[in-house]
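If you want the building blocks of each chain, they are given just below.
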Amino acid sequence: MVTVLDDLRIAGILSIEPEIPAEPRDEIERLKSTSSWRLTAPLRRVRMVRSELRPGAVSRSGALRRRLLAVAPHLVDGEFATSSTLSILRQVTAAVARAQDDARLWLLFSATAGALPDADEFAALRRALVWARDDAAAARTVLQHAVALMDRSHSHYRDIDIREREVVVDVDYCATHGFTSGVQRVVRETLRRWRSHEGLYLAAWDSEGRAMRPLTDDEIERTTAWHRGHRRIIDMQGAHGATVSVIPWRSTVLLPEVAADRFAPRLAALASHSGNRVVAIGYDTIPATDGFFVAPEQSQSFARYLTILKGVDQIVAISRAAAAEFAGFIEAVAAQGVAGPQITVLALPEEVPAEPADPAPPAEIPLVLAVGSHEIRKNHVVIADAAEILWREGLKFILLFAGGSGPEWYTDLDDRVTELVLAGRTVAIVEGISDEELAQAYAAARVQIVVSLHEGFGLPVVESLSAGTPVITSERGSMAEIAEAGGCVVVDPESVTALADAMRRLLTDDEELERLRGEIADRPRTTWNDYADRLWQVVGGGRP
Amino acid sequence: MSGARVRAALAGIADAAGLSLAERSVPGHVAELSDALDPRDRSWSYLILAVLRTRIPPADDVVAFARRWQSEGLPVAIAPELRRAGRGRGPVARVVNATLVDVTDTSRSPYTTGIQRVARETVAAWKQSIEVCEVCFDPDTGRLRARSDNSPVVPFGGRFVLPEIAVERARSTAIASIARFSRSATLAIGFDCIPMTTAETCGPGMPGAFAHYLSTLARFDVVTPISAAAGDEFRGWRRMLVGVGLEGPRIDDVDLPFTVGDASTVDVRQVLGIDESDPIVLAVGSHEPRKNHVRLLEACEVLWRRGIRFTLVMVGGNAWNTRRFDSLLSRLRRAGRPIVTRSAVDDDVVWGLYRVARVTAFVSLNEGFGLPLAESLAAGTPAVTSSFGSMAAIGAERGALLVDPRSVPDLTDALASAVTDDALHARLVAQTSGVPQGYGWSDYAARVLERLDAVTVEAQGDV
Chain A
1 MVTVLDDLRI AGILSIEPEI PAEPRDEIER LKSTSSWRLT APLRRVRMVR
51 SELRPGAVSR SGALRRRLLA VAPHLVDGEF ATSSTLSILR QVTAAVARAQ
101 DDARLWLLFS ATAGALPDAD EFAALRRALV WARDDAAAAR TVLQHAVALM
151 DRSHSHYRDI DIREREVVVD VDYCATHGFT SGVQRVVRET LRRWRSHEGL
201 YLAAWDSEGR AMRPLTDDEI ERTTAWHRGH RRIIDMQGAH GATVSVIPWR
251 STVLLPEVAA DRFAPRLAAL ASHSGNRVVA IGYDTIPATD GFFVAPEQSQ
301 SFARYLTILK GVDQIVAISR AAAAEFAGFI EAVAAQGVAG PQITVLALPE
351 EVPAEPADPA PPAEIPLVLA VGSHEIRKNH VVIADAAEIL WREGLKFILL
401 FAGGSGPEWY TDLDDRVTEL VLAGRTVAIV EGISDEELAQ AYAAARVQIV
451 VSLHEGFGLP VVESLSAGTP VITSERGSMA EIAEAGGCVV VDPESVTALA
501 DAMRRLLTDD EELERLRGEI ADRPRTTWND YADRLWQVVG GGRP
Chain B
1 MSGARVRAAL AGIADAAGLS LAERSVPGHV AELSDALDPR DRSWSYLILA
51 VLRTRIPPAD DVVAFARRWQ SEGLPVAIAP ELRRAGRGRG PVARVVNATL
101 VDVTDTSRSP YTTGIQRVAR ETVAAWKQSI EVCEVCFDPD TGRLRARSDN
151 SPVVPFGGRF VLPEIAVERA RSTAIASIAR FSRSATLAIG FDCIPMTTAE
201 TCGPGMPGAF AHYLSTLARF DVVTPISAAA GDEFRGWRRM LVGVGLEGPR
251 IDDVDLPFTV GDASTVDVRQ VLGIDESDPI VLAVGSHEPR KNHVRLLEAC
301 EVLWRRGIRF TLVMVGGNAW NTRRFDSLLS RLRRAGRPIV TRSAVDDDVV
351 WGLYRVARVT AFVSLNEGFG LPLAESLAAG TPAVTSSFGS MAAIGAERGA
401 LLVDPRSVPD LTDALASAVT DDALHARLVA QTSGVPQGYG WSDYAARVLE
451 RLDAVTVEAQ GDV
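Protein chains in written order, with our numbering: chain A, 1 to 544; chain B, 1 to 463.
Read the hints as simulated data drawn from the structure, not as lab findings. Ideal Cβ positions, reconstructed from N, Cα and C, are used throughout, including at glycine. Be aware that one or more of the hints could be misleading.
Simulated coverage check for chain A against chain B, where a stretch passes if three residues somewhere in it have a Cβ under 8 angstroms from a Cβ of chain B [as the list claims (entries may be wrong)]:
1) 156 to 166
2) 424 to 438
3) 441 to 453
Computed, partial: chain A to chain B, Cβ under 10 angstroms [to be verified]:
4) VAL130
5) HIS197
6) GLY328
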């Protein structure tokens, strides 16, 4: 049948198998999804915790004493008596009370509890201290509130690790997930280049989202050296966090991911009260402004993420369009008496993620590429519709949709492509493509199309440009911004005829194509090295 | 098979498009529509789908239908729709070219929230001057129906007003489609963007649903926020639309009026059992976290501990996340502090309370307007309120003391002076006469209507 031949030809161009062969990691995934694995998870965690604890250290008061001894030098000037745990707490509390400073109180509370308070818990302690008659009563109040927080956080036995004057990076998602979308690409490309920097500290959150924790060696590897196809490691997620809580102090805390619901309330309190400088990378505000594009849960958790941003010091936006979105949000919060962060722009670089695995074979039929995960916002159906117009006109080309699978309920693209394949059109969808294969596809394509309805940046646009392939993209927002420097044709992403016109021109007019390729050669180049260096300057890395 | 139903629907479509059908058969009708209408104008696709389906089609369906019409011709695109319409039952949807007002929540709910009061008063005032077609979305089927006779309607070429907030997904999807394709002048009253800007105080689910509502408003012609502060929120949101490439609606603030009901004959003190000599500190509003009632209770506790005599009266329903409020309230009650709480009282009693209270405490963390504050000042009772946003705008120089609501000490000091300092209290009472007089609901409704009248709908050239 024609369709099978077409599929084979496309597969040949990309030299990949449509079916990804089973790898050992899949067995691990299978094992992890069995019910016995999940049921025994708590047992393994307990075993792990026990092995991490030092012999003889297993007492709640012993752990509290160690935490207070660790925090006291940060809060008490000079010598302090270490006779009893309560006396240490009294001295530290007295010093904090004298200073009348939110940040010190936050540190005292976090250290005593071995977990981070949310805004309500923090405010409750601060208010209760108003009624304390003397230092002893104040110390009792602190202990009372800390014990309540410990009970909720199961942090009685934890040690603390206070990271002072460092760059503490919250990489919770990348540390625990292999998946790579735009956000994770930014995190991994950046941290890969930072990994040997002095004063860098990577942290994640414990399983309940109550305290920051150190990364395991596996997790550091996954964050700074991971690539697709990397061997998956069975990790004891959260087990390490059950023994040590990380507390940033007088540091810069960088949030390069969109913080999860699980720990958003603690992070919001940290941003507002801890005195740490908090910097967030701002990608886009799609879940807040474009509710129809995402699941309601995502809008919900994004709204919680926005509450964190009200308290951060700086948002580093990935494009001017993204900066404008965040600036709009900050304008909106003025009505509640909140000043909000400074917003700056550091555009993402133009660099192909990898070198092509093999040199591209000469293409007999031009390849039109559309890279991007398959979800409604990416507006892929309009590309299929425009392609159909051109096929009916008798043009010959192959259309390939390459990208991760989107939500299960979104089948519009699959339906449309199936329809076209049955009609004998040369079109296919490829999911789960590697960086090398993607680079090869970029190099082999005559033109790439990105007409998403909303992007914070549009990585596939710049990746294609850096591979020398012209792009048809949207006349809106960040994509138009990228197009300014050349090599692109912009269209109204909702107009099927405008898109078909642009595609026809680039498929038939070799001169036009050459002109765009010339423009690409003249584009200013930036690399992930540049991006990582500039971001390191923003967070003040390397400064004393 | 109900050919009559399909023919009636096609006749309705033709009528709305200004055509008269000559052919007698369904294929003949379709051919005539196909000749007369241009698929590049997507409002025709909206009209055809809405009438044949008896419900507002989602925007994605309209776009997909229009593209199919363009590439395959109308007979192919419309065929499955005709089959479905033929199988359908009940009356065919009526195309309405009038001023439609969506009162889905207001007509369904027995409660009166601030939003519903605004919607009711506005619609009532409009009915005095113009013809209004009140419409509601069916909770089960998502159909849009006229409130008068419950018949299904399709807005086309008229005006569509949303005086509430629409957060149910089916409803907001439909309204977004109306705003985009129905050739209607669209206006929404903008209350606030709190679920987006202050999610930490919102009940579960709200911020997610609110994102749909905002996406809907993005296609409206005008939004009239109820205060300058709410306007700032909506202007900030409008700026966020740059990434989607939408200009967003015109944002035109129309302040709500300051009104208070007539003095009732009810003896409020007797009803609530409050001693004649005790000054009353009044707080009106639910106990949701945003209203900041925990800090208010804490401030009151300080005053009581200082020996200042007063009764705290709190009027307002229950809400989410009130654990801290409840535990503090019961601790203060056990300590014998004079606190009266009522969850549901008649408006009469509230109006009466405003008049007998010494001071109203309204120290919310974020408000679109703050009706209880405006009502208290309109009744001549001073207030302690927040020093930013709409509350500062309403209260400044009009009898309110402005404080940072996040600071319990500031709150305490302001309440203490309002309760004990008679000279200050008298000055504040005098200031309340600065409350705008003679600007009532009918004036408010008229101003909103002016904004709607100013909208001109551009021809849809959407391709």
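Review point. Quick check: the region 441 to 453 of chain A, covered by chain B? Criterion 3+ residues, Cβ under 8 angstroms.
Key: violated (count 1)
**Study point:** chain B covers the region 424 to 438 of chain A, three or more CB atoms within 8 angstroms, holds or violated
**Key:** violated (count 0)
Exercise for review: Mind checking the CB of VAL130(A) against every CB in chain B and telling me if the closest is under 10 angstroms?
Suggested key: holds, 7 angstroms
Practice item. Under 10 angstroms, Cβ to Cβ, is where HIS197(A) needs to be relative to chain B, so tell me if that hint holds or is violated. Key: violated, 32 angstroms
Review point. Close enough to count: is the Cβ of GLY328(A) nearer than 10 angstroms to one in chain B?
Key: Holds, because the Cβ-Cβ distance from GLY328(A) to chain B comes to roughly 3 angstroms (cut-off 10 angstroms).
Practice item. With a C-beta cutoff of 8 angstroms, work out whether three or more residues of the region 156 to 166 of chain A approach chain B closely enough for the coverage to hold. Key: violated (count 0)
In summary, the numbered hints that this structure violates are 1, 2, 3, 5.
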